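Student: Given the structure of chain A, go ahead and fit chain B with the ligands onto it with the hints provided.
There are 2 protein chains.
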Amino acid sequence: MRLPSLLMSVPAFAPGTPGYQAIVDHALMTTRGVRQRLDFDRDVDDQIILDCIDVAEQAPTGGNNGSRRWMIIRDQQTKDRMAELYLSAGVDWVIETAKRLEGSGHQNERLMAGARHLGENIARTPALVIPTILGRHDGSGRPGLFDSVIQSAWSFMVALRSRGLGTVWTTMYLNEAPAVAELLELPDHVTQICLFPVAYTIGTDFTPTSRRYPAADIAYFDRYGRTKSQSGPGVVDEIDLKAKPEAVRAAIESLDVPADAWRFDLEQVPGGSRVRLHAPVGPSDDSSTVLAEVRRTLDTLSERLKS
Amino acid sequence: MRLPSLLMSVPAFAPGTPGYQAIVDHALMTTRGVRQRLDFDRDVDDQIILDCIDVAEQAPTGGNNGSRRWMIIRDQQTKDRMAELYLSAGVDWVIETAKRLEGSGHQNERLMAGARHLGENIARTPALVIPTILGRHDGSGRPGLFDSVIQSAWSFMVALRSRGLGTVWTTMYLNEAPAVAELLELPDHVTQICLFPVAYTIGTDFTPTSRRYPAADIAYFDRYGRTKSQSGPGVVDEIDLKAKPEAVRAAIESLDVPADAWRFDLEQVPGGSRVRLHAPVGPSDDSSTVLAEVRRTLDTLSERLKS
Ligand SMILES: Cc1cc2nc3c(=O)[nH]c(=O)nc-3n(C[C@H](O)[C@H](O)[C@H](O)COP(=O)(O)O)c2cc1C
Ligand SMILES: Cc1cc2nc3c(=O)[nH]c(=O)nc-3n(C[C@H](O)[C@H](O)[C@H](O)COP(=O)(O)O)c2cc1C
Chain A
193 MRLPSLLMSV PAFAPGTPGY QAIVDHALMT TRGVRQRLDF DRDVDDQIIL DCIDVAEQAP
253 TGGNNGSRRW MIIRDQQTKD RMAELYLSAG VDWVIETAKR LEGSGHQNER LMAGARHLGE
313 NIARTPALVI PTILGRHDGS GRPGLFDSVI QSAWSFMVAL RSRGLGTVWT TMYLNEAPAV
373 AELLELPDHV TQICLFPVAY TIGTDFTPTS RRYPAADIAY FDRYGRTKSQ SGPGVVDEID
433 LKAKPEAVRA AIESLDVPAD AWRFDLEQVP GGSRVRLHAP VGPSDDSSTV LAEVRRTLDT
493 LSERLKS
Chain B
193 MRLPSLLMSV PAFAPGTPGY QAIVDHALMT TRGVRQRLDF DRDVDDQIIL DCIDVAEQAP
253 TGGNNGSRRW MIIRDQQTKD RMAELYLSAG VDWVIETAKR LEGSGHQNER LMAGARHLGE
313 NIARTPALVI PTILGRHDGS GRPGLFDSVI QSAWSFMVAL RSRGLGTVWT TMYLNEAPAV
373 AELLELPDHV TQICLFPVAY TIGTDFTPTS RRYPAADIAY FDRYGRTKSQ SGPGVVDEID
433 LKAKPEAVRA AIESLDVPAD AWRFDLEQVP GGSRVRLHAP VGPSDDSSTV LAEVRRTLDT
493 LSERLKS
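Protein chains in written order, with the numbering used here: chain A, 193 to 499; chain B, 193 to 499.
FYI, nobody ran anything at the bench for these hints, they're computed from the structure. Treat each hint with caution, since some may be false.
[As the list claims (entries may be wrong)] Across the chosen pairs, the derived CB separations fall in these ranges:
1) B/ARG292 - A/ASP267: 24 to 32 Å
2) B/ASN313 - A/GLN422: 43 to 51 Å
3) A/ASP397 - B/ASP452: 37 to 45 Å
4) B/GLN228 - A/ASP238: 57 to 65 Å
5) A/ASP267 - B/ARG316: 23 to 31 Å
6) A/ASN367 - B/ASP284: 42 to 50 Å
7) B/SER332 - A/GLY463: 15 to 23 Å
8) B/ILE394 - A/SER446: 52 to 60 Å
9) A/ASP397 - B/ASP284: 48 to 56 Å
10) A/GLU312 - B/GLU288: 22 to 30 Å
11) A/ARG316 - B/GLY333: 49 to 57 Å
12) A/ASP237 - B/ASP448: 53 to 61 Å
13) B/GLU294 - A/GLN460: 54 to 62 Å
14) B/ASP397 - A/ASP237: 25 to 33 Å
[As the list claims (entries may be wrong)] Chain A side only, calculated, beta carbon under 8 Å to chain B, not exhaustive:
15) GLN268
16) THR270
17) ALA408
18) GLY463
19) GLY464
Remember, predicted model here, so these are calculated numbers, not experimental data. Idealized CB from N, CA, C, for every residue including glycine.
So here's chain A without its partners, still in its complex pose (with noise of 0.2 Å):
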C-alpha cells in the first residue's frame, strides 16, 4: 500500500494545521485497549491488515533495518491451540480473580472483567496477529531490538482504529511464548513482542483515558524533578511505599510539612502506594535546596510507616 501521492498536496494534509493536528490527536489519544467490544461475529479481510502493517512498517527502525516479520493467525484450529496456551499462560487465573471481584467496586474490576471476556473468547477473534523481531535481546538494559519493533506494533494498533477496527497489547501469553513459537513454527532468532487479538469495534466512541499524569507533573526541566507549571516553577519526588493508600494518608496527615504549598498525590500500585510530593519553588528558593526537603519528608513518610 501507498499514499496517494495526490494526498501529499491536499491541504488537507498539511501537518501543523489545526484539522490535521486534532485528528491525529485523536487517533493517538483515543486507540484504547479493546476487549469488552471487540466484535467477535464481524470477519476481517486479509488486506486490511496487511494495509495496516505497511503503515506500521513506515515508523522508525535503527539502522534502517527492515527486521520485523508478521504472523497473521486465521486458521480456527490454530487460533483454538492459541487460545488454550493465552489461558494457561495465567489468564486462566486472571479469569478466576475477575469472578471474585465480580460487584466489588475494586478499581481494577472493569479491565479485569474485559479480560476475562476476551479470554473466554478470544478463539473467536477474526484474526490474531504477533509483532516478531529477528534477533535476540543482549541483556544489556538498554532498549536496543525492542525499539526497532515496539513503535510500528504501536502503529499497528492507531491504523487498526483509523480504519474502525480495535485491539488490546497483550503480554501475558509470553509466558507461553516456546509452546507458541512451536506451533507457529517461529524460528530460535525470532523475538515476539505482543499477540493483538484483532477484530472491528462495536461503535467507535472511544475517549482518552484519564488514568495518566497529566504531563506538567512528569516533565522535568534540565534536572530530574524540576517541574513548570501555569502557576510557576516546582519540584516533585516521590517514593513507592508497601503499604495501602488508606495507611498511607494517615501517615501524610501526621507529617509536618513546611508549607501549605505542598501538594501529596497518591496511587495504588502493584504492592503498595506510590505517594508524589509536590513543591513550588519561589523566586527567591533555590530548587535543589527544596527538593532536598522534599526528599527529607518522603524519607520520614517511609519511617512512620515502617515504625
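Tutor: Positioned in the frame of chain A, the structure of chain B with the ligands alone reads:
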C-alpha cells in the same frame, strides 16, 4: 491538555471514515527521522512539548501504570554539555565517516550527512527531550519495561509531526548514558530510552520511505514463512550471509533453481547481505515441502559462498 469534548461528536472525528483514516495513515507514514531539516533558529514553546507529552501519555502501558518521566532540556549550558556527550558517545566517529563518504554515492551517504549535520548542531536545538521509565530491565529477553514507554515515545514523535515539528530517534548517545544521568541528576532506578532533538521542521512535505519490505512479503499466515500475495500463497525463507551483495548475486546465478517463479531479494545488512527467497505454492503443492526446498537452496547458497 484534554481533547475538546465537542470534537468527539464531529463527523470528521469518526474512525473508519476515509478522511480520518487518510490523515492518520499520513501522519504514521510520514513521521521521518529529521536531521537536515530541523529549524535550529525557530524557538519552540514549552507548552507545545507538554501538549505532545499529554498526547503521548495516552499510549498503552502495562498494568495501567504511569511510570514514564520526561526530561526536557532547555538550558543552554546543559545543552552544550549534552552536545559534548552526544559526540563522545560515538557521533564524533560518525562525523568522520560522513566526511569520508561525502560524494561517494554510498547507500548511507545521505543518512551519514544528516547524522553529521545534527551532531555538529545539536547544541542549537531548541529542546532536547529524553523519555525515561522508572525501573530497570530484567534481562529476560522479553520486552517487559520497554513496552510501557516506547509506544509513548513514538506517539510523541507523531504528535510533534502533526504540529509541524520534527525530531529523530537517537540512541547512540546511550553510550554516555551514565554521564547524562549524572548531568541531569537522574536517579539510579530510571532507564533512559532515547534522545529527541526537537525543533520545527523546514517544510513539512516528508513522504513515506521505500526502504521497507511490502507487508505481503513479511506477513506470515498461520505458520512462519507462509505468505499470501495477490498471485496466491507462497513461502519465504531468508538467510544472512557474510558476503557482499555482488558476491551473493553471482552465487545466486550459479544455482540450479527448481522453478522460474522463485524470486530472490537481496539487501545489504551490517556485516554482509540478507537473501530472501520467495517461492509460490501451487494448488497441488504442500507448503512445508516447498519451504524445505527453499531452505535447502539457501543452505546450498551459503555453502557455495564459503568455498
Ligand atoms: C532504535 C533506533 C535507534 C536510532 N539511533 C539513531 C542514532 O543514534 N542517531 C541517528 O542519527 N539516528 C538514529 N535512529 C534513526 C534511524 O536512523 C532512522 O529512524 C532510520 O534511518 C529510518 O529512517 P526514518 O526514521 O526516516 O524512517 C535510530 C532509530 C531507531 C528506531
Ligand atoms: C506492555 C503491555 C502489556 C500488556 N499486557 C496485557 C495483557 O497481557 N492482557 C491484557 O488484557 N492487557 C494487557 N495490556 C493492556 C493494558 O492493560 C492497557 O493498555 C492499559 O490498561 C491501559 O489501558 P488503555 O490501553 O485503554 O489505555 C498490556 C499493555 C501493555 C502496554
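Student: Please go over all the hints and tell whether each is borne out by the structure.
Tutor: Against the structure, the hints:
no., hint, result
1, B/ARG292 - A/ASP267: 24 to 32 Å, "violated, 52 Å"
2, B/ASN313 - A/GLN422: 43 to 51 Å, "violated, 32 Å"
3, A/ASP397 - B/ASP452: 37 to 45 Å, "violated, 52 Å"
4, B/GLN228 - A/ASP238: 57 to 65 Å, "violated, 38 Å"
5, A/ASP267 - B/ARG316: 23 to 31 Å, "violated, 55 Å"
6, A/ASN367 - B/ASP284: 42 to 50 Å, "holds, 44 Å"
7, B/SER332 - A/GLY463: 15 to 23 Å, "holds, 19 Å"
8, B/ILE394 - A/SER446: 52 to 60 Å, "holds, 57 Å"
9, A/ASP397 - B/ASP284: 48 to 56 Å, "holds, 52 Å"
10, A/GLU312 - B/GLU288: 22 to 30 Å, "violated, 59 Å"
11, A/ARG316 - B/GLY333: 49 to 57 Å, "violated, 31 Å"
12, A/ASP237 - B/ASP448: 53 to 61 Å, "violated, 39 Å"
13, B/GLU294 - A/GLN460: 54 to 62 Å, "holds, 57 Å"
14, B/ASP397 - A/ASP237: 25 to 33 Å, "holds, 32 Å"
15, GLN268, "violated, 10 Å"
16, THR270, "holds, 5 Å"
17, ALA408, "holds, 6 Å"
18, GLY463, "violated, 11 Å"
19, GLY464, "violated, 12 Å"
In terms of the numbered hints stated before, the structure departs from hints 1, 2, 3, 4, 5, 10, 11, 12, 15, 18, 19, listed from lowest to highest.
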